[in-house]
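J.: Letter by letter, the chains look like this.
Number of protein chains: 2
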Amino acid sequence: MNLLNETHDPALRSWVTSANAPGCDFPVQNLPFGRFRTAPAEPWRIGVAIGDEVLDLRAAGLLDHAAMAQVLTLPQAERSALRLALSRGLRAGSRLQAPWSTCLHAQTRVELGLPCDVGDYTDFYVGIHHATAVGKLFRPDNPLLPNYKWVPIGYHGRSSTLIPSGTPFVRPRSQVKAVDAEVPTLQPSARLDFELELGIVVGPGNAAGEPVAMAQAEDHVFGLTLFNDWSARDVQAWEYQPLGPFLSKNFASTVSPWIVTMEALAPYRQAFTRPEGDPQPLPYLHSEDNAQAGAFGIELEVWLQTAAMRASGHAGECISRSNFAEAAYWTVAQLVAHHTVNGCTLRPGDLFGSGTLSGPRPEQAGSLLELTQGGKAPIRMANGETRTFLEDGDEVTLKGVCRRPGAASIGFGSCSGKVLPALSS
Amino acid sequence: MNLLNETHDPALRSWVTSANAPGCDFPVQNLPFGRFRTAPAEPWRIGVAIGDEVLDLRAAGLLDHAAMAQVLTLPQAERSALRLALSRGLRAGSRLQAPWSTCLHAQTRVELGLPCDVGDYTDFYVGIHHATAVGKLFRPDNPLLPNYKWVPIGYHGRSSTLIPSGTPFVRPRSQVKAVDAEVPTLQPSARLDFELELGIVVGPGNAAGEPVAMAQAEDHVFGLTLFNDWSARDVQAWEYQPLGPFLSKNFASTVSPWIVTMEALAPYRQAFTRPEGDPQPLPYLHSEDNAQAGAFGIELEVWLQTAAMRASGHAGECISRSNFAEAAYWTVAQLVAHHTVNGCTLRPGDLFGSGTLSGPRPEQAGSLLELTQGGKAPIRMANGETRTFLEDGDEVTLKGVCRRPGAASIGFGSCSGKVLPALSS
Chain A
1 MNLLNETHDP ALRSWVTSAN APGCDFPVQN LPFGRFRTAP AEPWRIGVAI GDEVLDLRAA
61 GLLDHAAMAQ VLTLPQAERS ALRLALSRGL RAGSRLQAPW STCLHAQTRV ELGLPCDVGD
121 YTDFYVGIHH ATAVGKLFRP DNPLLPNYKW VPIGYHGRSS TLIPSGTPFV RPRSQVKAVD
181 AEVPTLQPSA RLDFELELGI VVGPGNAAGE PVAMAQAEDH VFGLTLFNDW SARDVQAWEY
241 QPLGPFLSKN FASTVSPWIV TMEALAPYRQ AFTRPEGDPQ PLPYLHSEDN AQAGAFGIEL
301 EVWLQTAAMR ASGHAGECIS RSNFAEAAYW TVAQLVAHHT VNGCTLRPGD LFGSGTLSGP
361 RPEQAGSLLE LTQGGKAPIR MANGETRTFL EDGDEVTLKG VCRRPGAASI GFGSCSGKVL
421 PALSS
Chain B
1 MNLLNETHDP ALRSWVTSAN APGCDFPVQN LPFGRFRTAP AEPWRIGVAI GDEVLDLRAA
61 GLLDHAAMAQ VLTLPQAERS ALRLALSRGL RAGSRLQAPW STCLHAQTRV ELGLPCDVGD
121 YTDFYVGIHH ATAVGKLFRP DNPLLPNYKW VPIGYHGRSS TLIPSGTPFV RPRSQVKAVD
181 AEVPTLQPSA RLDFELELGI VVGPGNAAGE PVAMAQAEDH VFGLTLFNDW SARDVQAWEY
241 QPLGPFLSKN FASTVSPWIV TMEALAPYRQ AFTRPEGDPQ PLPYLHSEDN AQAGAFGIEL
301 EVWLQTAAMR ASGHAGECIS RSNFAEAAYW TVAQLVAHHT VNGCTLRPGD LFGSGTLSGP
361 RPEQAGSLLE LTQGGKAPIR MANGETRTFL EDGDEVTLKG VCRRPGAASI GFGSCSGKVL
421 PALSS
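Protein sequence lines correspond, in order, to chains A and B.
The numbers in full-length UniProt numbering rise by one with no breaks, and the one at position 186 of the first sequence is 186.
The numbers in full-length UniProt numbering rise by one with no breaks, and the one at position 413 of the second sequence is 413.
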């Protein structure tokens with residue numbers, strides 16, 4: 001299985017010089033897709049990030065229409081051809097430099113929206129260290145439920161409140177009940193948290209009633225984003241039995257603007273193995289390709305900028321680091337195969353959240369719930385501030401980057417959201 | 001509070017003579033909205049059911065555009081004006097009889113689709129007798145969880161697998177694990193069930209971050225449908241901890257074709273009171289109007305037609321009857337107020353399932369899980385057949401009707417779905 005081609009060549013450089021800077025998330029080996037506009041009333045345009053710029057695909061003559069659904073549903077061969085055309089056109093020395101130069105917009109001067117319209121959003125729970133750590137808070141002796149190593153646990157979320165990176169949101173109010181209180185009260189969440197996740201964007205859908213087998217599963221995935229599934233822990237604790245989280249999650253979930261395609265991620269694939277002694281997945285969740293290269297090495301970071309940091313010009317502090325490949329007990333392909341095994345229909349643009357991607361060590365946790373041991377052990381930052389949960393004015397930014405010896409480094413951009421004070425009434 | 005007007009007058013008759021037949025679901029006092037087409041490739045048209053016919057609203061000159069979203073978002077005054085125009089134009093003696101006669105289609109000769117495009121689908125759990133009966137199967141001494149009488153419990157479902165009445169669906173396969181089994185297996189659900197619910201269709205949405213107060217809650221509801229939330233109980237039991245139902249629900253949910261509007265339902269309003277000794281709802285879930293008239297008297301029925309019945313020309317047997325007002329612990333208005341109290345955005349066409357509407361007596365249960373005491377006590381039908389859960393070829397049909405002395409009777413039509421055998425592989 002060799003999934004690499006000329007677009008992955010680490011020696012490639014772009015005539016967009018910002019793309020060649022060390023540490024740039026968007027070198028010519030990446031070419032992630034997103035949507036942008038230059039004025040609020042404009043329809044969204046399809047763009048590809050290159051360095052600090054975004055290339056307008058229609059203006060560049062690469063797309064007839066302007067709907068992301070058109071890109072998401074391209075057959076694999078056409079997707080690859082589009083990537084190759086982009087790679088060749090953006091390379092240093094391309095004869096398209098002159099015409100395409102007029103199709104570039106500085107990313108800082110456009111509005112970046114949700115990368116696609118999302119029909120259904122599903123949140124999975126693939127982070128086994130997260131599931132274990134959270135389970136320990138409730139069941140110290142038996143943190144993982146018996147189904148965890150068999151079922152890629154997931155549940156449906158709300159698509160109406162998916163928001164693009166950079167959009168602030170109001171601290172939610174809802175019912176909470178303190179353990180020692182007689183009755184619940186309506187109040188702003190006092191245990192507001194982030195969740196470090198990846199988003200998985202569905203490309204071509206499946207027909208109603210037709211499961212997608214492991215061998216075809218990744219054909220239905222367009223690519224990955226960063227994803228922050230903001231969570232109100234106090235609300236969740238009171239509401240979630242017996243049918244799962246609801247108002248504790250559906251007030252806002254932030255999606256990063258760029259979909260890094262499965263093809264761009266090919267160089268960072270890894271073998272996917274289970275710890276010794278764990279059950280093997282049922283046959284519908286197993287394939288040789290998946291075992292050999294179903295995981296992706298994506299380094300993840302969580303940055304927190306408090307209001308005090310912002311006021312003093314401090315860009316924020318990294319409060320956690322983990323890696324998708326270390327954090328996840330299930331692969332992208334397994335999520336697709338499981339989601340459709342009952343015949344459930346996936347549609348282009350549907351989004352899966354991976355679940356919180358905590359690493360194996362406590363400081364690699366992907367949520368404050370874990371980092372603070374359920375709010376009992378505040379984290380302390382370099383400027384002396386502490387946090388158990390998020391305070392008003394806090395801005396959380398997720399970052400992701402893929403690195404491997406012999407390959408270019410590519411990044412996901414950032415996924416940011418700021419907490420605004422709760423409504424006063 | 002007098003919500004009745006001339007469109008509710010029980011003496012009204014229509015020039016569409018089938019609308020005047022006793023027991024007709026769609027007399028001129030009803031006027032529910034839906035979507036139809038006369039050929040598979042056609043775009044959906046907006047129609048109103050009258051007797052056995054459907055009136056094409058655009059052909060009748062009542063709508064400029066053909067999108068249901070346009071109807072759903074009409075301000076209250078315009079909705080009422082449209083209803084009045086329909087009522088007057090369809091009444092016996094109307095001068096519109098001649099021109100509108102050409103805008104009618106026999107319901108049996110058109111395809112009736114989902115009544116609107118659904119963005120997000122939320123399933124609630126308002127049936128307290130259902131929650132109690134199901135809880136008893138797991139926790140005989142403490143069937144209702146502590147949050148039930150405080151929180152209108154809900155969770156998100158999947159909109160991609162909402163299907164219109166009359167669409168059969170394949171019995172889902174998924175992981176199940178028998179209590180005495182060592183490991184789970186992939187197999188067709190052996191405990192496939194229906195759930196008798198009502199669907200609540202959102203009209204105008206709310207702005208992001210802005211809760212809807214009880215006093216305005218019903219302004220955001222366009223009307224009600226019948227709704228069957230098919231459930232695979234064996235799948236649910238294995239997968240649902242800790243995040244709720246997923247593959248056990250998202251293979252199919254059936255929606256009836258007609259949205260009965262809140263205005264049409266006004267004559268069947270009832271006082272909404274809680275049993276003596278129950279806690280009063282928190283202030284954000286209370287209003288005087290809701291207490292006085294927040295409930296709706298809707299008589300509900302579940303009909304089962306087995307393959308054997310079909311072969312012998314038997315239309316099916318009624319296996320359960322209940323009533324929305326008796327079954328529900330929370331009102332439509334309370335669901336809207338709760339869903340948005342955290343700022344969650346509702347969009348036009350979003351759908352809420354009420355949750356299973358079991359009546360207080362065991363034979364009034366809205367699912368086989370309850371009717372058969374968890375599969376232990378099969379129900380026996382008049383032809384001698386028995387059922388614990390649904391078998392291939394079974395067709396379940398939900399019906400609903402509103403009756404009150406001094407008012408016309410109006411109905412919801414029917415909500416049907418048939419179980420096809422599981423895929424063989």
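If you are wondering where the hints come from, they were derived from the structure by calculation, not from laboratory data.
Be a bit skeptical, because a hint or two may be false.
Where chains are identical, the list cannot tell them apart; a pair therefore holds if satisfied intra-copy or between any two copies.
Simulated crosslink set (DSS-like; lysine-lysine; CA at most 27 Å straight-line) [to be verified]:
1. 149 with 418
2. 177 with 136
3. 376 with 177
4. 418 with 136
5. 149 with 177
6. 177 with 418
J.: Could you place residue 177 and residue 136 in one of the four classes (within, between, both, neither) given a Cα distance threshold of 27 Å?
T.: both (21 Å within a copy, 24 Å between copies)
J.: Using 27 Å as the alpha carbon limit, work out where residue 177 and residue 418 are close: within a copy, between copies, both or neither.
T.: within (26 Å within a copy, 43 Å between copies)
J.: Given identical chains, is residue 418 near residue 136, meaning Cα to Cα at most 27 Å, within a copy, between copies, both, or neither?
T.: Neither, since 29 Å and 44 Å both go past 27 Å.
J.: Should residue 149 paired with residue 418 be assigned to within, between, both, or neither, using CA atoms and 27 Å as the limit?
T.: neither (35 Å within a copy, 34 Å between copies)
J.: Up to 27 Å between alpha-carbons, please classify residue 149 paired with residue 177: within, between, both or neither.
T.: between (32 Å within a copy, 13 Å between copies)
J.: Have a look at residue 376 and residue 177 and pick one of within, between, both or neither, based on CA distance no larger than 27 Å.
T.: Classified as within: same-chain Cα gap 18 Å, cross-chain 37 Å, threshold 27 Å.
This entry does not satisfy hints 1 and 4, going by the numbered hints stated previously.
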